[in-house]
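J.: Given these sequences and hints, build the entire structure.
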Amino acid sequence: MTRVYVDLVEDSLNEYAYAADRAGLSYSLSESAQGLSIELNGFSDKMSVLVEKVLLGVRDLEIKQGRFDVAKERVREAYKNFDYMDPYRQINAFARMLISERSWAPFQMLEELPAVTAEDIRSYFPGLLRQMHIEILVHDNLYKEDALNITKLVKSTLRPYRLPESQWPSRRAIALPNGANHLYERVLKKPDNVNHCLRYIISVGSVSDRSHRAKLLLFCQIAEEPCFNTLRTKEQLGYIVNSAASV
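Sequential numbering from 1 applies to the sequence shown in UniProt numbering.
Quick caveat, the hints were computed from the structure, so don't treat them as lab data. These figures come from a predicted structure and were not determined experimentally.
Below, in silico cross-link-like pairs of lysine to aspartate or glutamate (EDC-like), each with a Cα-Cα straight-line distance of 20 Å or less:
#: 1; residue 1: Lys189; residue 2: Glu111
#: 2; residue 1: Lys152; residue 2: Asp140
#: 3; residue 1: Lys72; residue 2: Glu31
T.: Below, the structure written as structure tokens:
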């Protein structure tokens, strides 16, 4: 439902998006297992205006049946078309589905979408905004006072109740037993696509161990260049190659 809600908010702000772009401003909304994410970019002197406009769109969304039907169809098409993308664009979603506690692949959300109604969204999003934990990152040429004023603006516009820390959504991976090996295979929906993709994941301990995490990040930094250089540059196999740590 959050995905449909985000699409409806973006639809309601569509006319403003053009004016914002002309003024050197942009924004994006997205949903995740942790909640709702809003990203704003552009000239700092107009940032507070952009923040307020987008937040009012989030808070005061009016859902009309016709626009809901259009938004729902857009989301349905996005979920459906995901299965026809190149494999390397699909594989991260399946990896998150398999190892994350609160993540679902597009085909799973597509199965739930038909039951979602406009009334469901009308009932859902006020509850989503009523009680929350807000995290704000302000970066670039804004002063501390500017950042604090933006924070106050967010809180005064949304006016949420504080979400207890015990209820904050966490990013937790499924713990795999030592020595366990698992294989997940998925056949492409597009039969004429001859490409394949493989993602090999190694579980290497607890993320709460800072020393362990630092060593892992250092190792991955060292391994990234030879991994790419050997398979992509020297052997010139034409593959898309990537090596990284996920913590």
